[in-house]
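Q: Same order as they appear, the protein sequences are chains A and B.
Using numbering that gives the first Met the number 0, the first residue of the first sequence is number 0, and each one after it goes up by one.
Using numbering that gives the first Met the number 0, the first residue of the second sequence is number 0, and each one after it goes up by one.
Please keep in mind that the hints were generated in silico from the structure rather than gathered at the bench.
As a list, the in silico BS3-like pairs of lysine-lysine whose alpha-carbon atoms are at most 30 Å apart:
1. A:Lys111 - A:Lys44
2. A:Lys63 - B:Lys336
3. B:Lys127 - B:Lys45
4. B:Lys86 - A:Lys63
5. B:Lys224 - B:Lys127
6. A:Lys111 - B:Lys336
7. B:Lys330 - A:Lys89
8. A:Lys138 - B:Lys336
9. A:Lys63 - A:Lys151
10. B:Lys336 - A:Lys89
11. A:Lys119 - B:Lys336
12. A:Lys138 - B:Lys330
13. B:Lys330 - A:Lys111
14. B:Lys127 - B:Lys385
15. A:Lys138 - A:Lys72
16. A:Lys63 - A:Lys119
17. A:Lys111 - A:Lys63
18. A:Lys63 - B:Lys330
19. B:Lys330 - A:Lys119
20. A:Lys44 - B:Lys330
Here are a few chain A residues that sit away from chain B, every Cβ distance over 10 Å (derived from the structure):
21. Ala25
22. Ala26
23. Asp69
24. Asp109
25. Leu148
Just so you know, even glycine gets a beta-carbon here, dropped at the ideal spot from N, CA and C.
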Amino acid sequence: MKRRSFLSWGAAGFGSLCAGVGVSLAAVLRFLTPSVFYEPPQSFKIGDPADFPYGPPTFLADEKIYIFRDREKGFAAASAVCTHLGCTVKFFQTDHHFHCPCHGSIYASDGKVLHGPAPKPLQWFEITLTRDGQLRVNKDRPVAAGYRLMVKA
Amino acid sequence: MNPIRDLWQSISRRDPLSTDKGKSELVFLNVWLHIHPNKVRPEGLKVKHTWYLGFITFFLFLVLVTTGIALMFYYRPYPQPAYQDMKDLQFVVFMGGFLRNMHRWAAHGMVICVFLHMCRVFYTGSYKRPRQFNWVIGVVLLLLTLGLSFTGYLLPWDQLAFWAITVGTNIGSYAPLVGARVRELLLGGHMVGEEALIRFYVLHVAVLPSLLVLLTMVHFWRIRKDGGLSRPVWKLKPQKAANLVHIGEPEPEPALAAVAAAPDKTYGLMEVVTGRPIFETVAPEEDEETVFSYPYAFFREGIALVVTVVTVMAVSLFWNAPLEEMANPAKTPNPAKAPWYFLGLQELVSHSALFGGVIVPALVVLALVGIPYLDSNPSRRPADRKWAIWIFTVFVIVNIVLIIVGTFFRGPGWSFVPPWVHVTAGAE
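Please build the complete structure, drawing on both the sequences and the hints.
A: Here it is as structure tokens:
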């Protein structure tokens, strides 16, 4: 075997080996990445507008959201997940702030960070009225803090 | 004809232990014991030098494997059954609670002993040439131990487990670019749920233990190849130390002078090879004092094994492993704390997640791996290493202080609460 052909065959062989290993590693990574997430839907109905009282927000534990209802402004949905490390924040009627139990972050009632390590304000989600007259929250559609849905009684 | 003796000799296949040859053969004809050398230097067996922390860590790992396999018989890695099985182990399965206690306390013990072992290796300068790479393997073993502890933390599926892992995996997601993706890969989803539980289970019982076993074998093998158990070379007699503490490039002309075999040598020269060695020879010198591994080393190791197992058993008799109410994603306990060995990190994270959760740990791991390569001082004598010892001691103290603050001084909302002030904790 000539030196040139040995080197080119060798390079081709080594290159194929590297490519094979690379593709296999990528395949392993892809295998470990779920193709389907069997998780609760991000868009869901939360019930009839009349179910929600005026005044303090209603906490929906399974969905981890707070539903605000205001006589003048209407409905709004705030995330109850702290933007720091994912703990569930609690709204206190006494000071109208959200408090995170994990690292002491405090958010104003509009979601702005007042204190603590939280890097971002609480997320607000789109809230709409479905044809059957129910409220629907879509966690895939974040909205500005001032977003409100007015429902005629 | 003595059939019993014949049977025994067919198993042991060695000379009697009353002879030196028998003592050697006990070690090198035995698949389990031959990780030891036939003979060891007595200074390497000194308790006050190594504190047998490496052995104790390994024995704790053996306890963890044994009790872990036992627990697997009664554990189903699915949220509700998992918690139910914990209750069953605690109250129904014969000895179930005791085995779970042993597993939990041995795991905490292993984290502590790996750390202490690392400190010992640092303070005795045992990471220096030619042992640099074995230190690096040791750092990887420390990370694997933390990984095993962390993945095991989720398995009971109680509130403690759920929120520690929620907080812990969210810390990781602050890593730039890959953070969120790594979290998704680890959890098999976007939150701690059934997919996360099975992933943590597989990592905990198969992937990480296999890696740990493989690297432990390399770690032990390298000790042999790098010159045997660590010993305080700076305390040896000056004449002897002068020959032994020679560290650095070998002499330009490698001496290949023939040496007469010592009377107790049980091996022969296999081949003379030419070329310049990179490392000086690390086998015991011919005139060095050595003792047979049997009984001197084995007896001490046996004592360490018994003390380790008995201590874990005693602790498990008196203290139960914690088990809170079943995991409830809607209810964050206040305060929600990570496992204690991550509380130093959580303390930093409570000030800044990116700084405490990503930058500091990454720098710490890099610094630990780099120690043997950055520390160019060849001396192992503590008096010659004042700066290195100071810096490392500050690192150790900061670690311990942060963990203590996170464990005992943090109350609801992560506010500063001294441990002597009673606060009714509970879910908000």
